[in-house]
Amino acid sequence: MIKLEEVAKVYPDGTEAVKGISFEIQNGEFCVLLGPSGCGKTTTMKMINRLIPITSGKILVDGTDNTKLDVNDLRRGIGYAIQEIGLFPHMTVSENITTVPRLLRWAKGKCRQRAIELLELVGLTPADNFLDKYPAELSGGQRQRVGVARSLGADPPVLLMDEPFGAIDPITRERLQDEFLRIQGEIKKTIAFVTHDINEAIKMGDRIVLIRAGKLVQYDTPAELLSRPKDDFVRDFVGADRALKSLRLMRVKEVMRASPPTVSLEEGLSSVRKQMESVGLKWLMAVDDERFMGWVSWEDLGKGEKVRDIVIPPATTATPNTPLNQALSLMLNSAIGNLGVVDDEERLLGVLTFDCIRNVIVEFQSEGEER
Amino acid sequence: MRRRIVFILLLGLFIGLTIWITGIGRIGVYSAFTSADLLRESGNHFQMVGIAALVAIAVGVPLGILLTRPRFIKLSPFVIGGVGMGQCIPSMALIAIMAPLMGFGFWPAIVALFIYGLLPILRNSYVGIRNIDPAIIEAASGMGMSRGQIARKVELPLARPVIMAGIRTSTVINVGTAALAVLVGGTGLGKIILTGVFSRQALITLQGAAPTAAMAIVLDFILESIENWMTPRGLKVQKQRGEG
Chain A
359 MIKLEEVAKV
369 YPDGTEAVKG
379 ISFEIQNGEF
389 CVLLGPSGCG
399 KTTTMKMINR
409 LIPITSGKIL
419 VDGTDNTKLD
429 VNDLRRGIGY
439 AIQEIGLFPH
449 MTVSENITTV
459 PRLLRWAKGK
469 CRQRAIELLE
479 LVGLTPADNF
489 LDKYPAELSG
499 GQRQRVGVAR
509 SLGADPPVLL
519 MDEPFGAIDP
529 ITRERLQDEF
539 LRIQGEIKKT
549 IAFVTHDINE
559 AIKMGDRIVL
569 IRAGKLVQYD
579 TPAELLSRPK
589 DDFVRDFVGA
599 DRALKSLRLM
609 RVKEVMRASP
619 PTVSLEEGLS
629 SVRKQMESVG
639 LKWLMAVDDE
649 RFMGWVSWED
659 LGKGEKVRDI
669 VIPPATTATP
679 NTPLNQALSL
689 MLNSAIGNLG
699 VVDDEERLLG
709 VLTFDCIRNV
719 IVEFQSEGEE
729 R
Chain B
2 MRRRIVFILL
12 LGLFIGLTIW
22 ITGIGRIGVY
32 SAFTSADLLR
42 ESGNHFQMVG
52 IAALVAIAVG
62 VPLGILLTRP
72 RFIKLSPFVI
82 GGVGMGQCIP
92 SMALIAIMAP
102 LMGFGFWPAI
112 VALFIYGLLP
122 ILRNSYVGIR
132 NIDPAIIEAA
142 SGMGMSRGQI
152 ARKVELPLAR
162 PVIMAGIRTS
172 TVINVGTAAL
182 AVLVGGTGLG
192 KIILTGVFSR
202 QALITLQGAA
212 PTAAMAIVLD
222 FILESIENWM
232 TPRGLKVQKQ
242 RGEG
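Line order of the protein sequences matches chains A and B.
Residues 359 to 729 (the numbering used here) make up the first sequence, in order.
Residues 2 to 245 (the numbering used here) make up the second sequence, in order.
Okay, chain A solo, but in the shape it has when bound (with noise of 0.2 Å):
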């Protein structure tokens, strides 16, 4: 656990840097520092493993005042990753992750077997293709992967990242942050995370702390913080497509239609009509054996005389945990416009359409203006 109890930072010309600042991060929670730049958050971060000195107030990591310990012996206990990496040239990979287990004096088979492990953790397979490379011959997502594995290296509780993935371009960073959220969700570290990207912190964070000038304006979950700008200053960083940016949120599961009607491929299209007459629809689920195979349009009732003749495969389909940001851009790529919703071994679950995500959203926007 990291607690801050009013920590200020005044650098000697005067500068408030940090104006009384205070929160908590519990065991295992991913906490995310979010402001604008120069807001003070990159500042109020270092100042927890002591690389900026406090000016006054308290940081206790883990109950214990972070100023009472041996300033290397604090740092060697938590994880430290940053936007440049700072990857030593001269060092092997293996070498770079073992920093703080050498530090600690672990045995050498000891950190190689550590190295190994960290490797196939961050995605870096085989371990052994890298084990001995040089930082100069990776590319710069897989630095950044060796950056983060060298953090976790002596497998410390509490994790510091001061934008991790801030130099890397857009599509290697959404990797990167997807599997980094795949890795906390098996290391369960506490994490105090820098950024100023509100996508980045609204996709990462169990919670958010909002600071601005020195000061913490919310702490909240993203949910929160989407739905209950607290000021106007969280309204306009938020941005005005606050509605859009919550369906990042929430997972196909919660909203899809569960049980959508369906047809079966041997069906006889006369009968397939009678139906969409009855549920009011222009389209069908075809399924086989509970499996997944198409859909069935009102247009081509003509074509044929069962359903396997006109069924149209589906171009994609969305799984349970899918989010709804990620649902609804694969929506607007199909033809259909509708998503099929099915399980690893293709069974259908259910539907998402376009409806399903207004009511979120008219949901989203009514909930907010009730404040």
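By construction, these hints were calculated from the structure, which means they are not laboratory data.
For clarity, every value in this text was computed on a predicted model and none was experimentally measured.
Glycine included, each C-beta is placed from N, C-alpha and C at the ideal position.
Some clues are possibly wrong.
[Unchecked claim] DSSO-like mimics (lysine-lysine), calculated; alpha carbons at most 30 Å apart, straight line: (1) Lys-588(A) <-> Lys-561(A); (2) Lys-588(A) <-> Lys-416(A); (3) Lys-154(B) <-> Lys-547(A); (4) Lys-561(A) <-> Lys-547(A); (5) Lys-468(A) <-> Lys-154(B); (6) Lys-491(A) <-> Lys-192(B); (7) Lys-561(A) <-> Lys-611(A); (8) Lys-154(B) <-> Lys-466(A); (9) Lys-468(A) <-> Lys-491(A); (10) Lys-466(A) <-> Lys-237(B); (11) Lys-426(A) <-> Lys-154(B); (12) Lys-664(A) <-> Lys-632(A); (13) Lys-561(A) <-> Lys-573(A); (14) Lys-75(B) <-> Lys-491(A); (15) Lys-611(A) <-> Lys-547(A); (16) Lys-573(A) <-> Lys-377(A); (17) Lys-561(A) <-> Lys-426(A); (18) Lys-361(A) <-> Lys-661(A); (19) Lys-468(A) <-> Lys-192(B); (20) Lys-640(A) <-> Lys-611(A); (21) Lys-573(A) <-> Lys-661(A); (22) Lys-491(A) <-> Lys-154(B); (23) Lys-661(A) <-> Lys-632(A); (24) Lys-573(A) <-> Lys-588(A); (25) Lys-588(A) <-> Lys-377(A); (26) Lys-611(A) <-> Lys-416(A); (27) Lys-611(A) <-> Lys-573(A).
[Claimed, not checked] Listed below are several chain B residues computed to face chain A (Cβ distance under 7 Å; list not exhaustive): (28) Gly-143; (29) Leu-157; (30) Pro-158; (31) Leu-159; (32) Pro-162; (33) Val-238; (34) Gln-239; (35) Arg-242.
Once you have looked at the hints, place chain B on chain A.
Quick look at chain B alone, frame taken from chain A:
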């Protein structure tokens, strides 16, 4: 590879010239220096350059590194600027100034060479450390390396090639400067060159100048190899990638 060919060609040219002139024996009314003379003066020359370089390294490297430490960094413009002024004085003048200050002899020559060779070493040691990406240092201290560990495990290995390049520049320049040391009572190949100048015999001048040049390129080659050997592998890879 191309460097190596140029090196061998130049070395062959200068050594060939030296052997040829020494072989002529008589040049006008003068006799050429013997091969024993040449060997002795080459030895003396090398000794002066070597002693001056060792002292310059012993002073320049630690001083350059010290100037990058937070406590002393404010002094760095003054020290490096001051030593830089020393190098702005023409080498001839610097050596000439030594005579009234320290009299004539071996040591004034060494002091002049030391001052002249100090700047490249000092400046490269300072720059080598200062030019390390600050993110690397921040990562190192953020992970709990002490100041000493950062210096030993990160800063020195990364600055080593740059420091070695300074040592190489300094030493090679001083092979030439040392030829002037004879003006304040030093020894070395400068003696032969000056004899040629005073006797107006170009060949005798060349008999001293050619081995001086040969010594400079040999030292340059050796120091370059050491520099290469001392460069961490990861940095070589980085350089290849950067250039290729």
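Cross-check of the supplied hints:
no. : hint                      : in the structure
1   : Lys-588(A) <-> Lys-561(A) : holds (20 Å)
2   : Lys-588(A) <-> Lys-416(A) : holds (26 Å)
3   : Lys-154(B) <-> Lys-547(A) : holds (29 Å)
4   : Lys-561(A) <-> Lys-547(A) : holds (17 Å)
5   : Lys-468(A) <-> Lys-154(B) : holds (21 Å)
6   : Lys-491(A) <-> Lys-192(B) : violated (54 Å)
7   : Lys-561(A) <-> Lys-611(A) : holds (18 Å)
8   : Lys-154(B) <-> Lys-466(A) : holds (17 Å)
9   : Lys-468(A) <-> Lys-491(A) : holds (19 Å)
10  : Lys-466(A) <-> Lys-237(B) : holds (26 Å)
11  : Lys-426(A) <-> Lys-154(B) : holds (27 Å)
12  : Lys-664(A) <-> Lys-632(A) : holds (14 Å)
13  : Lys-561(A) <-> Lys-573(A) : holds (23 Å)
14  : Lys-75(B) <-> Lys-491(A)  : violated (39 Å)
15  : Lys-611(A) <-> Lys-547(A) : holds (27 Å)
16  : Lys-573(A) <-> Lys-377(A) : holds (6 Å)
17  : Lys-561(A) <-> Lys-426(A) : violated (35 Å)
18  : Lys-361(A) <-> Lys-661(A) : violated (68 Å)
19  : Lys-468(A) <-> Lys-192(B) : violated (64 Å)
20  : Lys-640(A) <-> Lys-611(A) : holds (23 Å)
21  : Lys-573(A) <-> Lys-661(A) : violated (66 Å)
22  : Lys-491(A) <-> Lys-154(B) : holds (18 Å)
23  : Lys-661(A) <-> Lys-632(A) : holds (16 Å)
24  : Lys-573(A) <-> Lys-588(A) : holds (14 Å)
25  : Lys-588(A) <-> Lys-377(A) : holds (19 Å)
26  : Lys-611(A) <-> Lys-416(A) : violated (43 Å)
27  : Lys-611(A) <-> Lys-573(A) : violated (38 Å)
28  : Gly-143                   : holds (4 Å)
29  : Leu-157                   : violated (10 Å)
30  : Pro-158                   : holds (5 Å)
31  : Leu-159                   : holds (6 Å)
32  : Pro-162                   : violated (10 Å)
33  : Val-238                   : holds (5 Å)
34  : Gln-239                   : holds (4 Å)
35  : Arg-242                   : holds (5 Å)
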